[in-house]
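Protein chains in written order, with the working numbering: chain A, 245 to 555; chain B, 10 to 523; chain C, 1220 to 1543; chain D, 1220 to 1543.
Wrong hints could be hidden among the right ones.
[As the list claims (entries may be wrong)] In silico BS3-like links for lysine-lysine, alpha-carbon gap of 27 Å or less: (1) A:Lys342 x D:Lys1381; (2) A:Lys421 x A:Lys342; (3) B:Lys400 x B:Lys256; (4) D:Lys1381 x D:Lys1265; (5) A:Lys299 x D:Lys1381; (6) A:Lys421 x A:Lys411; (7) A:Lys517 x A:Lys342; (8) A:Lys543 x A:Lys472; (9) A:Lys411 x A:Lys367; (10) A:Lys342 x A:Lys523; (11) A:Lys342 x A:Lys411; (12) A:Lys421 x C:Lys1409; (13) A:Lys517 x A:Lys258; (14) A:Lys472 x C:Lys1265; (15) D:Lys1265 x A:Lys342; (16) A:Lys299 x D:Lys1265; (17) A:Lys421 x A:Lys367; (18) B:Lys293 x B:Lys279; (19) A:Lys523 x A:Lys367; (20) A:Lys543 x A:Lys367; (21) D:Lys1409 x B:Lys402.
[What the hints assert, rightly or not] Each pair of labels, with its calculated beta carbon distance range: (22) D:Leu1250 x A:Glu341: 23 to 31 Å; (23) C:Ala1249 x A:Asp549: 49 to 57 Å; (24) A:Glu417 x C:Ile1251: 20 to 28 Å; (25) C:Ile1251 x D:Gly1312: 35 to 43 Å; (26) D:Ala1526 x B:Ser23: 43 to 51 Å; (27) C:Phe1410 x B:Lys174: 22 to 30 Å; (28) B:Asp39 x D:Leu1247: 48 to 56 Å.
Simulated from the structure, these hints should not be mistaken for laboratory data.
Glycine is no exception: its CB is placed at the ideal position from the N, C-alpha and C atoms.
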Amino acid sequence: AKEPSGPSATAGAKTLQIAVIPKGTTHEFWKSIHAGAVRAGRELGVDIIWKGPQKEDDRAQQITVVEDFISRGVDGIVLAPLDDRALMRPVRDAAREKIPVVVIDSGLQGGDYVSYVATDNYKGGVLAARRLGELLGGRGRIFLIRYQEGSASTVQREAGFADTVAKEFPGLEILVKDQYAGATTETAYQLAENLISRFPDVQGVFTPNESSTFGTLRALQESGLAGKIVFVGFDSSPKLVQGLRDGAIQGLVIQNPARMGYLGVKTVVAHLKGEPVEKVVDTGVVLATRDNMDAPDIKGLLSPDLSNIAD
Amino acid sequence: MSDRPAVPPILRMSGIGKSFGATQALDGVDLELGRGEVHALIGENGAGKSTMMKILSGAIVPDAGRMEIDGRPYAPSGPGDGLRGGVSMIYQELNLAPHLSVAENIMLGRETARSGWLDRPAIRRQVREVLELVRHPEISPDVPVGRLSVGAKQLVEIARALLNKSRILVMDEPTSSLTQEDSQRLFEIIRGLRGQDVGVIYISHFLEEVQSVADSYTVLRDGRSVGSGAMAGTSLDDLIQLMVGRKFTQLFPRVEHACGGPVLTLDRLKGRRMAAPVSLDLAKGEILGLAGLIGSGRTETLRALFGLDEVEGGAVVVSGAELAGRRPWARIGRGLGLLSEDRQGEGLALNLSVADNMTLSRLAPFRRRGLLRPARQRRSVAGLIDRLKIKAKGPGQPVGALSGGNQQKVALGRLLHQEASVLLLDEPTRGIDVVSKSQIYEWIGGLAREGKAILFVSSYLPELLGICDRIAVFHRGNLVESRPAAAWDAAGLMAAATVGRAPRGTPVEQRNAE
Amino acid sequence: MSRQNRSGLSRALNIFGPFIGLVLVIALFALIPEVQGRFLRMANFKSVATQSVIVALGALGMTLIIVSGGIDLSAASNIALASVITAYAVNAGAAPAWALLFGVLTGGLVGLANGALVTRLRLVPFIVTMGMMGIARGAAKWIAGNQKIDAPMTWINELMAKSPRPSWLLMAPGIWIVILFAAAMAVLLKFTVFGRHIFAVGSNEATARLCGIRTDRVKVLVYAVSGLFCGLSGVMEFSRLTVGDPTVAVGLELDIIAAVVIGGGSLNGGEGSILGTMIGVLIMSFLRNGCTMMGWPNYIQEIIIGAIIIVAVAIDRLRHRKEC
Amino acid sequence: MSRQNRSGLSRALNIFGPFIGLVLVIALFALIPEVQGRFLRMANFKSVATQSVIVALGALGMTLIIVSGGIDLSAASNIALASVITAYAVNAGAAPAWALLFGVLTGGLVGLANGALVTRLRLVPFIVTMGMMGIARGAAKWIAGNQKIDAPMTWINELMAKSPRPSWLLMAPGIWIVILFAAAMAVLLKFTVFGRHIFAVGSNEATARLCGIRTDRVKVLVYAVSGLFCGLSGVMEFSRLTVGDPTVAVGLELDIIAAVVIGGGSLNGGEGSILGTMIGVLIMSFLRNGCTMMGWPNYIQEIIIGAIIIVAVAIDRLRHRKEC
Ligand SMILES: Nc1ncnc2c1ncn2[C@@H]1O[C@H](COP(=O)(O)OP(=O)(O)OP(=O)(O)O)[C@@H](O)[C@H]1O
Ligand SMILES: Nc1ncnc2c1ncn2[C@@H]1O[C@H](COP(=O)(O)OP(=O)(O)OP(=O)(O)O)[C@@H](O)[C@H]1O
Ligand SMILES: [Mg+2]
Ligand SMILES: [Mg+2]
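Starting from the given sequences, assemble the full structure and let the hints guide the process.
Pasting the structure below:
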């Protein structure tokens, strides 16, 4: 939705319009990015237009959205590309139309964008593997539940996880590694349930995003395994935070999506004003555990303030 | 029989008008029906009979006019209102739910129930009774209607209408697929209803039937009433003259034709749905009639012959060569053409135009360099429409908008256009008015003279006796007897069809056209 | 005599036919040594049954619709919408019973809208419900603010608990609810006038109308009832997830339709049965469960389920052909 | 006289009717000051046209199928599969022309399989293609190894470039390809024997058989041709994405079907036209484009598009009713 513009709207000058294009609109992760972008918009006095692909995670549709914003003639674009190649051409088209693009969250090939603001996803997977390996003492049977075919950021997390397990914890046996949880919580739930039926003696689980983590959490709770096995997930939501507190989850790798959205907008506006910008900005990942979850910085990440987005 | 003038008529329809787009189907028609009266509604194809009756049943809302039942205004907004108002109707086109059983169809909309729960025993009993009444207790109440032959389906519809016990019973060509025996039984039932003060409106193109069963009549022509009165003292010729506006003499015009060598031979042909293998010969220029009761297997034989049903054994020889391909397209390629007895379900694509329906089996003449030329198609179809006197707005009208008889003519027109050399006609004159019938007989004769061979299935014995060279009789799937037409009479045919054996030495009587 | 026998045999086939597929699927996995022991355990059966609840409820209503000659593509969106509404109500502090009622009624309203559009505007159900699919999904996302709605745990969440609270229930209350409603719907379809009319409308609508059946009323009722079932299914979805998720159940309408068709329903109307549908639901659930247990990759699973749908219907088809 | 006029009017309505919806949608956005200037620009129209190519190609084939009384739920999966195959071939070093051919033929094969199953096993198309939907999608993921396939840029990727290489083309070559094939299919449907046969099969299959039409052959051909179009559409998808993505176009089959139905196609068969379908495609594309430009949230867009589908078909319905 279009945001009421900041103080400069009254100044009479044309306010800048920045399109922020996420991969989807319904995960909490994207809500946080939205919140960060809106905060930057307020501070800088620019309009934020928030619009994802009509169908979640559909590359073709995201290209369409980018094209439509080029048609509309926005001043700048902040884009979380669903694909590191497929979005190259529309981004180049934007560059040709003198619309700067800042890439957030996932990488993009080619050099037609102004800056890349993102989490190191691979590192997130590494953190998760270490946590799991340490808690299990380097020995045990674990699941790697994947998110969805072809999703680049989660593929990196899964790779970081699998590589680290192979390298640092050879005693961990990955029982399942090519099962995909699918797009929704329900599909993740069913998958985890069925896997637990098959391998009731599993000792650890890693899931690479919010929906797969929550679906798995529900399955563990239902089969009475919550807290009995080591479970490390990714991203946060109130139910996951609750799980962390209850001891059902032993670790959540969290990113800083609000910061991603905030810096994305800041960077593109800085570029528009002719200021120099960094080509790569890392927004950092941290591991939240029961012990550190109440530390102020972690707490802010676990339960981001979304109150400023008004729709 | 207006010998009770004091009592108000059970039904009065006055000034009924209805148009479909540019077609004025009815224009100010009046009709009166007395208690215990059987009133015939007659007219040419497309005269507006069915439309009139659909208005009465509530299936169609009229543009103009008023109706009264027992002196009270009656304006149904749907068929449900009509039924509750005491009008029940047998529609011209089959009106059954194919997945439901015979019993379920008979009781449809009037299920005996106790506060919403089906009362199965009661339903069974009533269905049994009414099937007894039409003398077909052998029809199983549990069999899905979709599996019955057309004739049996028509009996189911009659049973449903009889069960309703309505004040007014409308029958739109109820006997078009019935044998004479079943028709006679129906007339008995109708006469019985007369005693119960039920008013019956009877539509049929079998004028002899009409004359014997009806007390009074109304004749429609082009959507207007052109005459009505008591049946007594009105001759057939008078009726026909009213219908068509001119004198009409000969129902069965004789077209001289000679039979040549055999063109079609069935050698122990056995289709999947045929009870027994059938063998027969058909000569060039011959019209071979097939008689039999409903379910006797005539349709099944034609369907197997044409490749519509799976063939299990036997051979079909056309002009000396055995047919290899067993699908309809292969048969059409060898000059066969079939007219289906089920014109709505199979015979016609109702939402396609008259032109497409008539030319579908032979589009080649309109093609040049791979492309069709619709103008040519239309011209050629316009010619056929004229020739067959089809009442239609033009070649582009969807065939579903035509009256029943005119639809039948379109189906016939297709065979003419196809220029088939062996015509398999399954009840070709069903629903066709008298004058058009005689016209069709004339064409059939003409086709025979051109050397085409014709298999003519009919349950209407007079026409078999009237135009065929030879008649074969089916009984329970077997071809039991085949003789020159001159060696049959109506009674002999009936006997052969019912008991499977022709009475020996039947005297060759004068052909009885009734 | 032989006819008698044949019809007896075909009747037996007719009754047990639908089970054949289910038995085959179960046997398939029961014979694979790798999962055998795990697959055949009671706990696994219970878990499959619980997973089936959502599809089963949707399929009960869908059976009515398909028998009446219609189709409902909005079922899955409707489920998501109802789950969101329930979560919203619980979250807003409504008593769980009220929240449940709201959820179910929301579903019913969407169904009613479908029915009204189909009958008033005389549109094909495919289109109406396809449009409604977008509308309901959009509404769900709107109400949920594009997010999951977290709601406090209440007894609603017990409905789909695998280990139910009064332990003599043995199975999740949701499963009992399905069994109850399935029985009720089977009776409705077979033994009531309304059921008969649903078949008639599906078999030949024109005939039904001419026989005085109020076809429009039948259709509106069928869609409304089906909507109520979707609503209940949405409540179960919420119960299972403990959150109201507007993106849940995307594409589930096809699973639901597949279950009905595998169970012998005909998309041309006039055919279908509740028993068949329930077996169709179980076949799909067991297939998913078995494939996951085998550790087969998802694409194999997708391919197998696609193939099974075709094969199941082909077998059903053969069965019918023999019969006549 | 007045009769003449009326039929003239209704003929005019018939010809221009389909355009009304399109004009309305364009007018809607053209009147909103916020986007007005941008919306009505040539560049935007070109971009909408390019976005429409994929759905349009799928819809060309779907029109044939729907006119013939069938339906194809596997269209979108087929598009994804073809795009993967094309990418695979390019990646494996095949000449672009060969890769294109492989992609198109893959689509054709899937279509052929659909047709063969529908005719040989006498199954309802809904089920066959629903099964095939899973099979094709699974196969695409399998071949792609559960990932997208990166392929080097070739001239195939120029097919969907908004600024085409020989600049006198003005629009993406893909758009010209659609126009070309649309014209060809329109002629096929209206002016060839095969086209008449398709209408006949869709209107009443039994009649078609009776008239010596090889209904099975017509159906197999229709599905195969439609499959080829899906294949081509998949190539275009690859051209646009520059990668082969097995998860692309999920749910697109409903968009494709909606386009055909908005354009006057009847799911009962026997009705439909290429012109109508193309207008249906554009209506959907302009709606999406306009909504995005307005920056309306997705759920609003979902609701609006759902409603528009219903309204468009309702208008079409009214138009038809007047006529008779
Ligand atoms: N639904 C319709 N749409 C357009 N025209 C129609 C429709 N139904 C009937 N008509 C026209 O109304 C006229 C009267 O038709 P109707 O069916 O009443 O004739 P009929 O007397 O029953 O003829 P038949 O003896 O052939 O059954 C015909 O010209 C027919 O074309
Ligand atoms: N009373 C009945 N009960 C059940 N099935 C019947 C009945 N009458 C006919 N059939 C079915 O119809 C088949 C034969 O009907 P068919 O249409 O071939 O006979 P027909 O001589 O052409 O009769 P019609 O005069 O009705 O066209 C039988 O094999 C049977 O399956
Ligand atoms: Mg009539
Ligand atoms: Mg017959």
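Hint-by-hint comparison with the structure:
1. A:Lys342 x D:Lys1381: The given pair, whose Cα atoms are some 16 Å apart, holds under the 27 Å limit.
2. A:Lys421 x A:Lys342: Roughly 44 Å between the alpha carbons, so the hint for Lys421 of chain A and Lys342 of chain A is violated.
3. B:Lys400 x B:Lys256: This hinted pair holds, its Cα atoms lying about 21 Å apart.
4. D:Lys1381 x D:Lys1265: With Cα atoms ~7 Å apart, Lys1381 of chain D and Lys1265 of chain D stay inside 27 Å; holds.
5. A:Lys299 x D:Lys1381: holds (23 Å)
6. A:Lys421 x A:Lys411: holds (16 Å)
7. A:Lys517 x A:Lys342: This hinted pair holds, its Cα atoms lying about 13 Å apart.
8. A:Lys543 x A:Lys472: holds (25 Å)
9. A:Lys411 x A:Lys367: Cα-Cα ~14 Å, so holds.
10. A:Lys342 x A:Lys523: holds (18 Å)
11. A:Lys342 x A:Lys411: violated (46 Å)
12. A:Lys421 x C:Lys1409: Violated, because 48 Å separates the two Cα atoms, which is more than 27 Å.
13. A:Lys517 x A:Lys258: holds (14 Å)
14. A:Lys472 x C:Lys1265: holds (21 Å)
15. D:Lys1265 x A:Lys342: holds (19 Å)
16. A:Lys299 x D:Lys1265: Holds. Lys299 of chain A to Lys1265 of chain D sits at ~22 Å (cutoff 27 Å).
17. A:Lys421 x A:Lys367: Between Lys421 of chain A and Lys367 of chain A the Cα gap is close to 19 Å, so the pair holds against 27 Å.
18. B:Lys293 x B:Lys279: Answer holds: Lys293 of chain B to Lys279 of chain B is near 23 Å, not above 27 Å.
19. A:Lys523 x A:Lys367: Holds: Lys523 of chain A and Lys367 of chain A sit about 19 Å apart, inside 27 Å.
20. A:Lys543 x A:Lys367: It holds: about 21 Å lies between the C-alpha atoms, which stays within 27 Å.
21. D:Lys1409 x B:Lys402: Roughly 22 Å separates the two Cα atoms, so the pair holds.
22. D:Leu1250 x A:Glu341: 23 to 31 Å: holds (25 Å)
23. C:Ala1249 x A:Asp549: 49 to 57 Å: holds (53 Å)
24. A:Glu417 x C:Ile1251: 20 to 28 Å: The hinted range 20 to 28 Å holds for Glu417 of chain A and Ile1251 of chain C, with Cβ atoms some 21 Å apart.
25. C:Ile1251 x D:Gly1312: 35 to 43 Å: holds (40 Å)
26. D:Ala1526 x B:Ser23: 43 to 51 Å: holds (47 Å)
27. C:Phe1410 x B:Lys174: 22 to 30 Å: holds (25 Å)
28. B:Asp39 x D:Leu1247: 48 to 56 Å: holds (54 Å)
When each numbered hint is compared with the structure, violations occur for hints 2, 11 and 12.
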